[in-house]
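Visitor: Heads up: the sequence lines are chains A and B, in that order. First residue of the first sequence? That's 25 in the numbering used here, and the numbers climb one at a time after it. First residue of the second sequence? That's 419 in the numbering used here, and the numbers climb one at a time after it.
It is possible that part of the hints are untrue.
[Said to hold, decoys possible] Calculated lysine-lysine pairs in the BS3-like style (CA-CA distance at most 27 Å, straight line):
#1 B:K544 to A:K287
#2 A:K232 to B:K634
#3 B:K755 to A:K287
#4 B:K510 to B:K544
#5 B:K423 to A:K286
#6 B:K510 to A:K232
#7 B:K507 to A:K287
#8 A:K287 to B:K703
#9 A:K232 to B:K636
#10 B:K544 to A:K286
#11 A:K286 to B:K507
#12 B:K703 to A:K95
#13 A:K287 to B:K510
#14 A:K286 to B:K510
#15 B:K534 to A:K287
#16 B:K507 to B:K534
#17 B:K636 to A:K240
#18 B:K703 to A:K286
#19 B:K755 to A:K165
#20 A:K232 to B:K703
#21 B:K634 to A:K287
#22 B:K703 to A:K92
#23 B:K752 to A:K240
#24 A:K165 to A:K95
The set of hints was computed from the structure by calculation and includes no laboratory data.
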Amino acid sequence: MVENPVRPRAAKILGIFPQAEKEWTFRVENSAPVRHGQFMQLSIPRVGEAPISISGFGDGYVDFTIRKVGKVTDELFALKKGDIIFLRGCYGNGWPVEKMKGKNIVVVAGGTGVSPVKSLINMFYKDPDYAKEIYLILGFKNSKSILFADELKQWKAAEHFHTFYTLDNEDCPGWNKGLVTGFIGKIPFDSFDGNYECIVVGPPVMMKFSGAELLKNNVPEEKIWMSFERKMSCAIGKCGHCRIDETYVCLDGPIFNYTIGKKLVD
Amino acid sequence: MNQAKTYLLTPEACDQLFARLEERFDLYAPVRVPAGGRYAQTDSILYRQIHKYSEIEFRERSTYPMKEVLTPITQTLFYFTEDEYRESKGPKKDMLVFGRACDLNSIKIQDQMYLKNGDVEDYFYKRVRDRVKFVLMECTTQFDGCFCCSVGANQTDLHSLAASFREDGVYFEVRDKEFEEYFRGAEPSDYEIRFPQENEMKVKYPVIDSLDLANKIKGHPMWKEFDERCIGCGSCTVACSTCTCFETTDLVYTQNAHVGERRRTCSSCMVDGFDRVAGGASFRKTTAEKYRYKILHKVYGYDARFHQGPMCVGCGRCSARCPQLISYPETLNKLSKAIEEIKQEEGARNG
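Okay, chain B solo, but in the shape it has when bound (with noise of 0.2 Å):
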């Protein structure tokens, strides 16, 4: 039963809400930035802080994760001076995110890495997080290469508010107690907003119970083909939204080479550099090794470290960024496929 109380607001109202909400919080929420796509007249949606229900694109997939609202590309860490590191600010207002179900999931596996990893929290991601509510945007449709229910991303708890926006309003779900008091003398709804339930795209996303069995399947021929597909150009995991790698890296005032920034920039596992030590060896050196790092982590090592399920929400963003239309659906189905062969094989040896 649906205890929570959900009240309909005209987009006036849902201005005047923001408003009040924005005493207290930075609000953040896809917005279209025309002209900002890859191609000439196509468009980004974008994350960025909005005051208004008009700035808001619910009805399209952002082109880049809710993540990076909590950590950005690119991030100031210090200010460093000859003799000391001093820390960057962090958020001055507690923030209040509007993410889909997958998002607000995505949230979970980078709590996983950033907070709980070798038992040591991320000073810069921690000082965020605990400033950071979410609000639940509801799917009323489906984009393209959607599978959140294939890896049980399509509902969450994580959110004080959910949202169904409309053309002509926004029906508002209260979970929080703390946010009631916005909704004084609104119109109640009956309205009863829901979690996807079935995607057109089905995923069965593969099982790897043993490290065995991953050492086995990097040996396997499936990823040959991405040494001729793959440009290792790193769009997947930009627009990945459980991706967390990043770079740290120092730059200097021209004026004062003395006084700097060290920054944390995302980086990609998919990119040359990323396993290089000092003079120059790395350990994967074709981008069909890269690309198998990338996928077994999703779908093998996370969950072998964390026992967390797979390091996927199924937002489909990967795929929709590739340039070269590399499905990561498609190359899950070609690794079940792969594990079978080797089950198969070992199954032969030991019969």
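Chain A with its partners taken away, still in its complex shape (with noise of 0.2 Å):
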């Protein structure tokens, strides 16, 4: 028998961990490999199916941190510890990692944005070696939309981690306030000497505007790079829905540098 690379598997939900009140991080069986940014096609029978962010993984399990925003999401939020959903993927081209070997990185996330890239930064938080120093510019709405608060508050606890948490429009102890564009003026681009790469990670217009202040601070194109969220049926490159163009986000991306990312006008 042909393998139907559309037919989900089985795969048992292995805990629920709330982040926030519309937020939950879903544990889940998995054996298949994962890179950091991929994604996968996460059924619910009778709901339907829906591409997830992979927001971290582990021996034998991969997370979704879903918010409760769609069919598909809404229906997730009913299931308890040990019930089944169906899993096909991973899917998507992941982060450029081996690119980021040594150099200094700088995150801008917002909101869910941070999922597709929280298991790379817990990566550089594990491995102190494998990049230079971590620059980290997360923001979201207000106090009850924070994710990952406790790995937040290790990242901030690192030695080579420098943090700028901030809330668009909630005073908040310990947070600043204010949209995340605000803070890339105060990353020391030019004490980099060339060797670092950017991230950004959110709505399309908060990425929109992330991107043109990062060249603004005259980062190059080349070292910025995204993570874009298109509807897509499949993920195998034949539904169309996330095509832009010649480009298809489900093969091609979801993760694209700056340079190509730039030109794919829906």
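Could you fit the two chains together into a complex? Lean on the hints.
Guide: Written out as structure tokens, the structure is:
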């Protein structure tokens, strides 16, 4: 029998960890190899299928941090530990981790946009020798929508991490106030001697303005990497929903260098 | 020189041939569905399984394209229970499908998408495609809005047999040796089946040679009129021989909500929701943007990725089906003009 690339496989929910009011992390059984920044197609029979970023992974599991905003995600929130969901993948190219070896890393991420880059940040955290200094500009709408609070604390305390945590429109102790773009100017790009890479993930508008702000700070386009979110029905280049001109986000992305990403006009 | 042998069959002999072919193949061809049309007292011509010569409607173009035999508008992919997704069954027999040169050429585009893009074969397409052979239907007349010659889709080599249907019989040309046995004893003929050489409608298919140019065209005012004219109904993409996009949806059986089907349904970039992500954001909000996206896929995106020319076989069905009478060839002409304008502007700026 020929392998069917779109047949989902059953996977048990190993744990559910609420992060915020509307965002929970689902830990699900998985034995497929994962790269940082990839996604999977997650199915609930009778509800449907949706592409979801992998927010973490380890021996025998993947984590999905999901916001309760869609048909599939709503149904997910009714499930319990031990229930079965269906997966296929992983899909997508993932972050260019090799390119990041030994460099300073700047991450600008907003809201659920932290998910696709979280496992990568954790790798930098656990292996301080992999990259150099890590600069995190992480933004959330308000204190109720803060994700990964425990990890945020750990990263803040790490010696090789420099963190700028901000809430868009709320005063909150220990947090800055304002959009992530306002903190890009605080990154000492000049001191990097060209040895750095930047990561930008978040809603389209946030990515657009963060990209512009990085360029304003004389960051070369080639050093900026972005993760795109598009609708997908298949994730294998057939259904057409994620296509932008000759580019298929599922096959060629979801991570794009800015030199390519800036030309992707839907 | 025409090496293939050609035979003339009476309608009765054709029925006998079909009966023998049906031992191995299910036969699919356009048939007339009386009163099945969009307006009162109009017919539809749709692809159906056929058994006899008299069922085939060869005098007109089919309303919907041949692709629906291979990729139906809706098909069941999987049956699911609580703990398993199981594939639906594929075709039980080989299939012999009748189509015109444009229809057959559209299959190359379907193949490109379903079998080659991403270096992954679509299981559900592949299991059908492997069992299909084609019969070319000669175009003895042309239909309103045909422009296959303008996109090089007037010739094909994908067929096993070619047929020229007449009121009193059928000329069959045998290209694939495995079909020769079916014609033993039939009356040979020196009739030569031809491809269309020239269409009444001629389209200068626009060429967009770079993504930068494509992006400039996106900002051109030519698209604005389609906000007024196009209603975003998706009729053109359903009627398109080459459109391949689909949606995946689950449905449950009413007596047991844990058991059901996962279906693939043809979808359209002209319709709201095509690009909507979880949370409700979408990227092309206006009808003009949707129409521009569709046209630029046909003209630019497909060729830029696969280097196979336009994603269009000139069958004319999109214009024929448009309830707003929007002409695709006319859009192409406007696009050619827009490209000229942009290039001239650039030339002036650089000069």
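Visitor: Each hint needs a verdict: does it hold in this structure or not?
Guide: Consistency of the hints with the structure:
no.: 1; hint: B:K544 to A:K287; result: violated (33 Å)
no.: 2; hint: A:K232 to B:K634; result: holds (19 Å)
no.: 3; hint: B:K755 to A:K287; result: holds (23 Å)
no.: 4; hint: B:K510 to B:K544; result: holds (14 Å)
no.: 5; hint: B:K423 to A:K286; result: violated (57 Å)
no.: 6; hint: B:K510 to A:K232; result: violated (52 Å)
no.: 7; hint: B:K507 to A:K287; result: violated (42 Å)
no.: 8; hint: A:K287 to B:K703; result: holds (19 Å)
no.: 9; hint: A:K232 to B:K636; result: holds (18 Å)
no.: 10; hint: B:K544 to A:K286; result: violated (36 Å)
no.: 11; hint: A:K286 to B:K507; result: violated (44 Å)
no.: 12; hint: B:K703 to A:K95; result: holds (21 Å)
no.: 13; hint: A:K287 to B:K510; result: violated (46 Å)
no.: 14; hint: A:K286 to B:K510; result: violated (48 Å)
no.: 15; hint: B:K534 to A:K287; result: holds (25 Å)
no.: 16; hint: B:K507 to B:K534; result: holds (23 Å)
no.: 17; hint: B:K636 to A:K240; result: holds (26 Å)
no.: 18; hint: B:K703 to A:K286; result: holds (20 Å)
no.: 19; hint: B:K755 to A:K165; result: violated (46 Å)
no.: 20; hint: A:K232 to B:K703; result: holds (18 Å)
no.: 21; hint: B:K634 to A:K287; result: holds (11 Å)
no.: 22; hint: B:K703 to A:K92; result: holds (23 Å)
no.: 23; hint: B:K752 to A:K240; result: violated (38 Å)
no.: 24; hint: A:K165 to A:K95; result: holds (23 Å)
Of the numbered hints stated above, those contradicted by the structure are hints 1, 5, 6, 7, 10, 11, 13, 14, 19, 23, listed in ascending order.
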